[in-house]
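A.B. asks: Sequence:
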Amino acid sequence: MCAGASTYEALIAAGTKPSDRVGVVGLGGLGHMAVLFAKAMGCAVSVISNSAFSDRVKLSDAFELGADEVRPTKPPGPRFYKDVYGAVNPDCTHLGDSDINVLLVCANQTPDFKAVLPLLARRAVIVLMGIQTEELRIPYMPFLLPGHRIISSTEASTRNHADMIEFAARHGIKPWVHSFEMTEEGLSEAFSLLENGRMRFRGVVVAPY
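Numbering (the numbering used here), first residue to last: 841 to 1049.
Any given hint could be a false lead.
Said to hold, decoys possible - Straight line, CA to CA, 20 angstroms or less: simulated PhoX-like cross-link-like pairs of lysine-lysine:
#, residue 1, residue 2
1, Lys-898, Lys-879
2, Lys-857, Lys-879
3, Lys-1014, Lys-879
4, Lys-1014, Lys-898
Worth flagging that the hints you see were computed from the coordinates, not collected in a lab.
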């Protein structure tokens, strides 16, 4: 509910249109809901990730969720991913058909904006969704000249919360949930996956009865 309402609110706050390409930084609890909602809104969706180029599971997850492409923030290394890319999504065989109009930063840390800003269309909207204490650093001229905007969105209004539930029901959107028994072993497994970044994508503890 929290991740769904937060990402839905962010897309609405950014004025997202079906003709937009939505970029999602961070394919986790928030990010996977952002992909599902943006795709259901009719948008093209780009997941921005460097780790997906060395993690076949994450790359496969991105396409299964509905992403049209995965873009790196830096050039891929020698182990390029086109073999995996083509196998997962035969219709997408190249990086980036168009620039990103709405960028949702769903990761725990803000990305290197020197690398991210070149991926954006003119007058793009950047939505910051994470909670952190680090300073935000933006390259001045690459941000100013294209006319980009930065907004924040960390919680959903009651109205958008209700709209999100109706939208999810209408389009059959369901979060990816990893269930664990409410036992010592179940909790240990849950925290192990969480700490190692392997949770896909929301952990739910279930009473064993």
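A.B. asks: Does each hint fit the structure? Answer for all of them.
C.D. replies: The hints, checked one at a time:
Restraint check: the Cα-Cα separation between Lys-898 and Lys-879 comes to about 18 angstroms, which is no more than 20 angstroms; the hinted pair holds. Between the alpha carbons of Lys-857 and Lys-879 the distance comes to roughly 11 angstroms, so the proposed pair stays at or under 20 angstroms and holds. Restraint check: the Cα-Cα separation between Lys-1014 and Lys-879 comes to about 13 angstroms, which is no more than 20 angstroms; the hinted pair holds. In summary, the hint linking Lys-1014 to Lys-898 is supported, as the alpha carbons are separated by about 18 angstroms, within the 20 angstroms threshold.
Consistency with the previously given hints is maintained throughout, with no hint failing.
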